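Okay, here's what each chain looks like letter by letter:
Protein chains: 4
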Amino acid sequence: MVGTDQIAAAQAALQQQTIELPSWAFGNSGTRFKVFAQAGVPRDPFEKIADAAQVHRYTGVAPRVSLHIPWDLVDDFGALARHAEDQGVRIGMINSNVFQDDDFMLGSLAHPDPRVRAKAVDHHKQCIDVMRATGSKDLKIWLSDGLNYPGQDSIRARQDRIAEALAEIYAALDDDQHLVLEYKFFEPAFYVTDVPDWGTSLLHVMALGDRAKVVLDTGHHAPGTNIEFVVAQLLRQGRLGAFDFNSRFYADDDLMVGAADPFQLFRIMHEIVSAGAHAPDSGVNFMLDQCHNIEPKIPAQIRSVMNVQEATAKALLVDAEALAAAQRGGDVLGAHAVLMDAYDTDVRPLVAQVREQMGLEPNPVAAYAASGYAEKIVSERVGGAQAGWGA
Amino acid sequence: MVGTDQIAAAQAALQQQTIELPSWAFGNSGTRFKVFAQAGVPRDPFEKIADAAQVHRYTGVAPRVSLHIPWDLVDDFGALARHAEDQGVRIGMINSNVFQDDDFMLGSLAHPDPRVRAKAVDHHKQCIDVMRATGSKDLKIWLSDGLNYPGQDSIRARQDRIAEALAEIYAALDDDQHLVLEYKFFEPAFYVTDVPDWGTSLLHVMALGDRAKVVLDTGHHAPGTNIEFVVAQLLRQGRLGAFDFNSRFYADDDLMVGAADPFQLFRIMHEIVSAGAHAPDSGVNFMLDQCHNIEPKIPAQIRSVMNVQEATAKALLVDAEALAAAQRGGDVLGAHAVLMDAYDTDVRPLVAQVREQMGLEPNPVAAYAASGYAEKIVSERVGGAQAGWGA
Amino acid sequence: MVGTDQIAAAQAALQQQTIELPSWAFGNSGTRFKVFAQAGVPRDPFEKIADAAQVHRYTGVAPRVSLHIPWDLVDDFGALARHAEDQGVRIGMINSNVFQDDDFMLGSLAHPDPRVRAKAVDHHKQCIDVMRATGSKDLKIWLSDGLNYPGQDSIRARQDRIAEALAEIYAALDDDQHLVLEYKFFEPAFYVTDVPDWGTSLLHVMALGDRAKVVLDTGHHAPGTNIEFVVAQLLRQGRLGAFDFNSRFYADDDLMVGAADPFQLFRIMHEIVSAGAHAPDSGVNFMLDQCHNIEPKIPAQIRSVMNVQEATAKALLVDAEALAAAQRGGDVLGAHAVLMDAYDTDVRPLVAQVREQMGLEPNPVAAYAASGYAEKIVSERVGGAQAGWGA
Amino acid sequence: MVGTDQIAAAQAALQQQTIELPSWAFGNSGTRFKVFAQAGVPRDPFEKIADAAQVHRYTGVAPRVSLHIPWDLVDDFGALARHAEDQGVRIGMINSNVFQDDDFMLGSLAHPDPRVRAKAVDHHKQCIDVMRATGSKDLKIWLSDGLNYPGQDSIRARQDRIAEALAEIYAALDDDQHLVLEYKFFEPAFYVTDVPDWGTSLLHVMALGDRAKVVLDTGHHAPGTNIEFVVAQLLRQGRLGAFDFNSRFYADDDLMVGAADPFQLFRIMHEIVSAGAHAPDSGVNFMLDQCHNIEPKIPAQIRSVMNVQEATAKALLVDAEALAAAQRGGDVLGAHAVLMDAYDTDVRPLVAQVREQMGLEPNPVAAYAASGYAEKIVSERVGGAQAGWGA
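Chains as they are written, first to last, in full-length UniProt numbering: chain S, 1 to 391; chain X, 1 to 391; chain R, 1 to 391; chain V, 1 to 391.
Check before you lean on any hint, since a few could be wrong.
[Stated by the list, open to error] Calculated lysine-lysine pairs in the DSSO-like style (CA-CA distance at most 30 Å, straight line):
#, chain 1, residue 1, chain 2, residue 2
1, S, K376, S, K34
2, X, K34, X, K376
3, V, K137, R, K119
4, X, K137, X, K125
5, X, K137, S, K34
6, R, K119, R, K137
7, X, K137, X, K119
8, R, K119, R, K376
9, R, K137, R, K125
10, V, K137, V, K119
11, R, K34, V, K34
12, S, K119, S, K137
13, V, K137, R, K34
14, R, K137, V, K34
15, X, K34, S, K34
16, S, K125, X, K137
17, R, K125, V, K376
18, X, K34, S, K137
19, S, K34, X, K125
20, S, K125, S, K137
21, R, K376, V, K376
22, V, K125, R, K34
23, S, K119, X, K34
24, V, K125, V, K137
25, V, K119, V, K376
26, S, K125, X, K34
Since the hints were made in silico from the structure, they are not lab data.
Keep in mind the model is a prediction, meaning the values are calculated, not measured.
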């Protein structure tokens, strides 16, 4: 059984845990078939940050907001950073976007045309400027580069071009700035994705230097991939830089984290907790990267933060000593049972208590619903263009 | 070896084969991340039909164009049908669209709200009116209905609602009109798709009556599904109504048919040819259902038609007698070798000869390129809004 | 919150629930690479039943044992049935085996050679004799028939042969006997599986008659298949005859049920409970079909039974009224939350109480471990050949 | 069009290409359900080599035979090597086997028990002794190590143990010997495979030194993985050490190479030819790794060698200059068409000519069938135990 000491330690760890929110989760999103608009959705980056701050207000563990450039371009990033501080949050990672300009139809950093590659590199330098203006220390790169048809371009030449372009971007960083490179199995390209797996991402960041690391997004793997294994591998190399939470049934569904396979989320958090990577000083930036296509966005983000907390709480309750003993002894069922004991525990009361310890309401969903904020933004945000993936 | 009689018979069959084109393949399309616009793309249904007619002009086997309602709504469908005839083609199947109206965010025929279901049924009645106005005899239904989250709605109740709504639509058909129901493994819904597999579609059409059949789209299956097996099953039940060609590496990529796995396409055509279902009177409507996101649309359709022809030609060259003998004798390698002999044959000269027999240029890609049509539409189609998935 | 009435009702239902055990789970099993032998494993069907009875002794809900013919062939089936009764259990379904005789290398009911098909039909008649001798009422058929290479045999002719052979087997059944037909996505054949999906199985049993139904095995689907959807479909058709529990990460892993994806198991049980199909008179036979390759077999079966009980308990705790209201109202997050509330509950105390209500120890794993049975069989079962998949 | 120079160059390259054969392909194999025995199958390593030599006799490009220890253990490896030379072939790679001893149930190099790890390391030292005795220069390691259940062992600790054990094995190699490490997505373990992907294998061999490289087996990837991309990556790192050919529809089916997806095989060979890695001095050892469960083994190996030759021939016919020009110009359809032109070519006459240039019969399948060897081994190999995966 779990002792009171372990519970207290778990609660202390949960108070320290932070989860970054993506500004784009508060805008409209959808599939290639349709983007359904929701009432009250933000019309500019300031409103997105205001919505993100609501999530932090009720959960207490979501103090940072990732920006996406150019979606979050503003004239005065200093003002945006101050606005965030006024709302009780701050700017997190800066995400580049090299997939929506017409020039990038056949790629960005991997494009056969040097002019297009230079343009894509320049965009990243602009992102670095935004980092300087907002105090962000992390540049996050996801490349949609790839091929739709066999023969369309040289698989190998594209790797060389990416390596060269990344080196130029890395060189433009300040000494206290970092670069993280995301990988994704497929989409939007169909035949080849130029950075499709953790191995490719890792080779590129190892070639860059110590301030370059890998981003693991839970939705970016082939069917059947053991994600906790990848987590373990990247931690073992000291190269897990950031973690994008979401969940999926089939492709990169970007559903709320924990909604599709809560046991997988627990196994991932067990791997992270086992390595101490949940600690604030681990250098791993945990964030949500989700789309709320049919559900209200602020409550969906609140629920997602809670899901991560609950999975972390269960991982913190694993009896590590009993587990190690059973593993050493080759006791397959015994070791499995130790893990499942933690998973089967209902940790909702424990996490509610953490919130009370932090001076928050125990039930963030109810507290947000009671606040009237949802109604307020619906009535106030009239006119203007709602934010979305293309705006 | 293949005798001259078999070659002559194959060529006769290839002259009879027809492949329907989708109007929407000529408009802009893309992924959830970006729709890249192409110069010269049609701005209305008349221009789409003009482009489709180009494909027929150079291949000689693509005489029909499927419409998508409301994308192809016009004031005067009689005029559109006459325009098609002027261009040497005619209107094919009418495709309904119940996935882009805001009311359909949580479903159409399966929606929990009876008002929304009635609206979706009404849309299909409107499509039947278009059929009457254009002379089309086939209503094609693909439902995007589904769920993103466990618990969101009752899986079973949704089947009942779909059955009830389909019955109402079927009852609205004229006696010489048909209904075909498409299935799709996933997308745009992530957790449940309400008509996800051939079994579900088949049960629904069997409940409707003899004029209801199943649509098989090659991109709408789980990874690893044996599509030729499904073809055989549906033909055995007499319920294969239509066939959507395209190709895929991962999801429903909608790439050019034959581009991802030409051997699979050959195996499918072998199954079809074995059952005589390639014949014009088989009742199976073969069409393309593709998106040309990064490649020019008219040449991509021409190439796709050629790919189907070549796969069909190879299937027609299979030595059926030798195959059956080896199969009966349990000669695994021998039977496989008979099939591969046909597949390994270079049938491009044979198909080029078919075109010459039909009074066409042997190389449709080159003939189209030489025609100047591509340059003409780029210069002429200035102003107006290009057609796309949302227009 | 869950009221005491609902808890009492759930506990009553859990007392009624039964789970059939497979005799073969107590023998040695493995992969194509190696079967690792375990000490104390049964050497004949009598010992297998003795072991199965241990699982029932400590769980109270596993009163039947499936036999596999010829693995469980004995001279006197009456004696075997009496032995079962002496141990407190009885004989359940009879499983045929047409995949291990050399004659079946290229198929059984689908084989091109009529002599082999007749032999396979005869084997099923022998199984029906075993049913008569043991009082079993259910014949369970899983066909390994399929093809490894394209062209090897006619996909369609094989369907016709299977249909004909099944009709002959069905005709041999007594009026109070049933036939259930299993489907499986792949393995042991690689290219075609002749009964690969629920649609194929359903078409065959519909052609046979009312006493023929489908078997759903949770490990027999393509990656990403929504199994609760298939459950709902088969229940809607009144054709879900039996349910094989196990779990999988990649292929048909046959791991302990609930070990790989406990949330999926809960969703499946929710679908079953929603339709009342967990009730003893529902006509659905729930059983385990697992292999314990590296873990001790009796405790693994006990753990599996517990996992099914816990998933069922959670499904019974779903607030059906609140769920339906949220679903009707299109409240995506609310409906999802109702389902998750039940899943997040720790039901282990509730199920332990059920055991106490039934006069059993609350912890079956501990009770079995304390019994000394494991040590006893290791010391007593010396000499003889251990049972396995081939014996 | 392809010029005569290019054809001559292709034929010269095809004469130089060699494909290694696995001794185990000539023994009986099967699935976990059944190993079907075939008449005439070898009873010892000498007979396996005799059969392999038949494949070389008729194809001219299969001069080496891989051994598997302990399956191919003999008292006098010098005698075995001389026997191979007498038959016109020689010993190739030495494959270790740490998955069939009872001690390895929970792993070998990754096992929690240091005694078992030491035993597994010792086995590899024995394999190195076999290398010295036979003149083989390559040690090939595939680990079946993994976990079936979450919690069973520490994912990360197992990586550390593997790294330590591999270092000990690598240190035991002579200076002119090499080590290649294979990866595999899943099977026989279900939950975790300890070396599941190219990234893991690459990290281990990079840690070892220059004489350690990666083995790519075409059947060892997640569904949808782009294998030619992995080929390009490993070649780019200079770490592709060996290539295991076979083909698959679902899992690691180990079917004849090119039987399931000949276009994929062509794309892989295109990537290899583009990098010059098909040349004899490239340092990449190409071999077959297949199981012939239901088809005769020698003809199946002959067919497989032919399939590799034909795919290589097509790759050699790609118009590299036209392809590069189209790629540079962003001509998606044009570049794709250049690749497809080569693929669509019937290269069987070209390869038959290569055989005649080498003094062989143009049709190896027919020549072998006419030789009477198949009948001879059936009549002569009576008594003794046939070789298989376990013998």
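Hints, verified against the model:
no.	hint	in the structure
1	K376/S to K34/S	holds, 26 Å
2	K34/X to K376/X	holds, 26 Å
3	K137/V to K119/R	violated, 51 Å
4	K137/X to K125/X	holds, 14 Å
5	K137/X to K34/S	holds, 28 Å
6	K119/R to K137/R	holds, 22 Å
7	K137/X to K119/X	holds, 22 Å
8	K119/R to K376/R	violated, 41 Å
9	K137/R to K125/R	holds, 14 Å
10	K137/V to K119/V	holds, 22 Å
11	K34/R to K34/V	holds, 12 Å
12	K119/S to K137/S	holds, 22 Å
13	K137/V to K34/R	holds, 28 Å
14	K137/R to K34/V	holds, 28 Å
15	K34/X to K34/S	holds, 12 Å
16	K125/S to K137/X	violated, 58 Å
17	K125/R to K376/V	violated, 40 Å
18	K34/X to K137/S	holds, 28 Å
19	K34/S to K125/X	holds, 23 Å
20	K125/S to K137/S	holds, 14 Å
21	K376/R to K376/V	violated, 53 Å
22	K125/V to K34/R	holds, 23 Å
23	K119/S to K34/X	holds, 18 Å
24	K125/V to K137/V	holds, 14 Å
25	K119/V to K376/V	violated, 41 Å
26	K125/S to K34/X	holds, 23 Å
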